[in-house]
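Trainee: So the chains spell out like this:
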Amino acid sequence: MKRLFQSKFFSFLLVFGLCLSVFFGWVSWSNRNFVETFYSLYSSKVDTRVRAILLSDLHQASFGENNDRLISRVGELEPDVILIAGDVVTKGKADIDYAVSLCGQLARIAPVYFGLGNHENSVIYGGDLNKDFLEENRQALGDDPECFDPLIQDSLLLDGLKSAGVTVLQNGSAAVEVGENRLEIGGISTNISSFWPYSGQFVSGFAGDEPGDFKILISHRPDPIMRYIAGYPIDLVVSGHGHGGVIRIPGKGGLLDSEGGFFPEYDGGRFERGDMTLIVSRGLGGHGWIPRIFNPPELVVIDIL
Amino acid sequence: MFFFIDQYAYILMGISLLLTLCGAVLIFRKNSLLKVKNSLMKFSLFKGKFLVILSILLVLVLSCFMVPMKAGLRGKADISLNYAKASQGLNPNGTRYNPSGILSPEILENVLRKGAFPDVTIQDLQRVLSVSPKVQGSSRSEDRYFISTQFVVRYNGNKDTMHLNGETLLNLTVESYKEWFMNTYSDNTSVLDLSFEEMDQEDYLDICEYLTQKAKLITNYMNRMASYESSSFRSPSNGETFQSIASQSTRVSDVMVQKLRAYLLENSVSKSSNLYMSRLSFQNVFYYFDYLKEGHSNQNYLNAISMYEEDMARIVLVPTFDKDYQFYMSQTRIGIDDFAQEAEAHANDKTSISSSIARNDHILRQLSMSRQIGGTDEKAEQLIVQIEDALIDLAGKAQTIVEEYGEDRANQYISVHVSSQEGQFKSNALKVCFLTGCFAASVYCMAFAVFVNRQKQEAGGTGGKKQKWISPEGKRVNAT
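If you read the protein sequences in the order shown, they are chains D and P. The opening residue of the first sequence carries number 1 in our numbering; numbering runs sequentially from there. The opening residue of the second sequence carries number 1 in our numbering; numbering runs sequentially from there.
No wet-lab data here; the hints were simulated from the structure. Heads up, a few of these hints could be off.
Quick look at which bits of chain D chain P covers, simulated, 3 or more residues with Cβ under 8 Å [unchecked claim]:
no., region
1, 18-31
2, 34-44
3, 76-90
Facing chain D, from chain P, some residues (calculated, C-beta under 7 Å) [stated by the list, open to error]:
no., residue
4, N171
5, S237
6, D254
7, V255
8, E407
9, F425
A few chain D residues that don't get close to chain P, going by computed Cβ distances all over 12 Å [what the hints assert, rightly or not]:
no., residue
10, R49
11, K93
12, Y98
13, S101
14, Q139
15, P145
16, I152
17, V178
18, G179
19, G212
20, G269
Don't be surprised by glycine CBs; every beta carbon is placed ideally from N, CA and C.
Input sequences plus hints: build the corresponding full structure.
Mentor: What follows is the structure, encoded as structure tokens:
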């Protein structure tokens, strides 16, 4: 035994273990502290500055006790609207109280608009809103394939969010007056396979109506937007879903694609297509066993000028 | 802490240098070169290698944290001015461009407000931010004069701002400046805020004049934008161009207002015909005096021309140079030309006044037939509302297109770019490698010095005491 402790192998194991502990200690620390990313958008549709804060992919992460640090920082930033791009909870271990409490606190700061994510969809409808799932339930949907209310299996989360003062947008939109500005905020949560015909009609109408209003679309996934409606007259699209590629390779971007591939195209940041701006959040949390590396949680602040 | 982060590289380099120097002194102080060479062959047997590797790894890990943290305390952002007058050192409106405005208190206050930075003041930001031209000219000779259109904003953090993210701070600074620049140099469309309240008390024919003026205001504004700015710009929201709005506005004044005027005159409509008629009669008296005056002036000039025409030179040629310094004879104006021009101007004015008198006479004739004493006319009011609506709609379209054009152009006026920390990965990695490499070399140097001296002590013996000895073959033997 003494020989083992004196052996080179043990020494290197010790050193390696020490380095690994330091590294994962740092990863754990960096996963508990969020960074802020500021974006500025210029539009003639707004007369006075509008500030929107985007939160996405929390996956029940906590920043301080009861998310105090996150809430107080959001309050300090004085948003006019708060946009949530889905995945506040995690399917399989969904903590409804967490989502309701967080959103309730946010709603006391500014109006909250919630676009559902695939995890919320699983909790509410019993599955992600992909084409197979929706085709299976086509009959239940009836004449309106874009209204998913007949598929609701568990309304606890939806009811909780609504009671907390949150506007949940599922193939729907809401008009908001911010000072002298009029915003139109819409939300979808379908994916590439189900976008047509389960969200497309709503998005077309949303883009075409009220051309003078500044339009914001919350789409949990960025891919269907960029594939099908890039360049539509929607001023701003906000998304999440990819967690910034989970592991970020400096100089290269996100490594892991949420769909199982590598180096996702929309891993985070700002993308322009015609008059449309897409802002993809790297998210605030994560799920699964792979930690976020070189990818601190991100709170997105968007100033519309 | 700030000092340690800021000076980490220098501290580590100092430690490395000290270790190397101490090591070198210890190695070469009492050892021959041959002995050092021999010891070098046996260095692989050094017992403290684990400690050496551990210290190097610790420094590597520490550097992996410290170097990016130090990099976070530094940063730069580029601002480029992309409009034509920038190369002359001017703002888009022709006033002198001042780069120190990038860090003006107004901008920094906006940065603090936008970022909601706790415990940071404008003075703190002024201490850590600086602006300089990207390419610096010189006033020593004319060849080296250079007016920069690109500026670099640098962030050099200190202990008061070390809790801030440099990239975020720079991003907010340049974006705040861009916002201010766009607001300051975008077109002022307040002239297109039409109000018709003040014409309520006017008589109908005066209202016609007022509406015509408003329509002309829009027409002139749009024509000016089309001529001096862009004739091809099309509004993304309503599809109009400056020219299309100008022609719609002309249609309002030429068709809709004329239709109203025709209705008023044909039907002798007036809110107070007696008052209006007496005003026109009074106006005509003055017009008549002006008419006589212009007629006499015209005649005087014609007389002068006939008096001096034969005596004055028809053409005067003046020797002069053109811009290429080529000699030529320039034909210049002479007195008789001036007389002719003045005579023509007075004749034109006379005609114009005559036409005004005729128009007033026509109105007087029409209104004198009016049976209505006063008050409002329903159809006239209806037509006025239609014209007002049309003008408000046009003014709205005009404001939209001007703002969209201004936004499009102002967006191009200035572009900003912040160097991201993620993009500094390569340079940070190189720094970490370099620092760790230097430290590793110095630690190895020190370790070798310890090894050489220990060997020497052991070789020197301690008076028959049993010692462990390492043979040249590298085997441990007991020696007495």
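Trainee: Hint by hint, note whether the structure agrees.
Mentor: Structure-based check of all given hints:
For a cut-off of 8 Å, the count of residues in the region 18-31 of chain D with a CB near a CB of chain P stands at 5, and the three-residue condition holds. Counting residues of the region 34-44 of chain D whose beta carbon lies closer than 8 Å to any beta carbon of chain P gives 8, which reaches the threshold of three, so the coverage claim holds. Using a Cβ-Cβ cut-off of 8 Å, 3 residues of the region 76-90 of chain D lie near chain P, which meets the minimum of three, so the contact claim holds. With its C-beta approaching chain D no nearer than about 6 Å, P:N171 sits inside the 7 Å limit, and its interface hint holds.
At its closest, the beta carbon of P:S237 sits 5 Å from a beta carbon of chain D; the interface hint therefore holds under the 7 Å criterion. A least Cβ separation of about 29 Å between P:D254 and chain D goes past the 7 Å threshold, and the interface hint is therefore violated. Taking 7 Å as the C-beta contact cut-off toward chain D, the hint placing P:V255 at the interface is violated, the least distance being around 28 Å. Proximity of P:E407 to chain D holds as hinted, the smallest CB-CB distance being about 5 Å (cut-off 7 Å).
Taken as an interface hint, P:F425 checks out: its beta carbon lies about 3 Å from the nearest beta carbon of chain D, inside 7 Å. With a least beta-carbon separation of about 8 Å from chain P, D:R49 fails to lie farther than 12 Å from that chain, contradicting its non-interface assignment. Every CB of chain P lies more than 12 Å from the CB of D:K93, the least distance being 32 Å, so the non-interface label holds. For D:Y98, the condition that its CB be more than 12 Å from all CB atoms of chain P holds, with the nearest at approximately 25 Å.
For D:S101, the condition that its CB be more than 12 Å from all CB atoms of chain P holds, with the nearest at approximately 23 Å. The beta carbon of D:Q139 is kept farther than 12 Å from every beta carbon of chain P, the shortest such distance being approximately 42 Å. Every CB of chain P is more than 12 Å from the CB of D:P145 (nearest about 31 Å), matching its label as outside the interface. A cut-off of 12 Å between C-beta atoms confirms that D:I152 is not in contact with chain P; the least separation is 38 Å.
Taking the minimum C-beta to C-beta distance to chain P, about 16 Å, the non-interface status of D:V178 holds against the 12 Å cut. Every CB of chain P is more than 12 Å from the CB of D:G179 (nearest about 16 Å), matching its label as outside the interface. With 12 Å as the threshold on Cβ separation, the claim that D:G212 sits away from chain P is violated: the shortest Cβ distance comes to roughly 7 Å. Once the 12 Å rule is applied to beta carbons, D:G269 is inconsistent with being away from chain P; the minimum gap is 10 Å.
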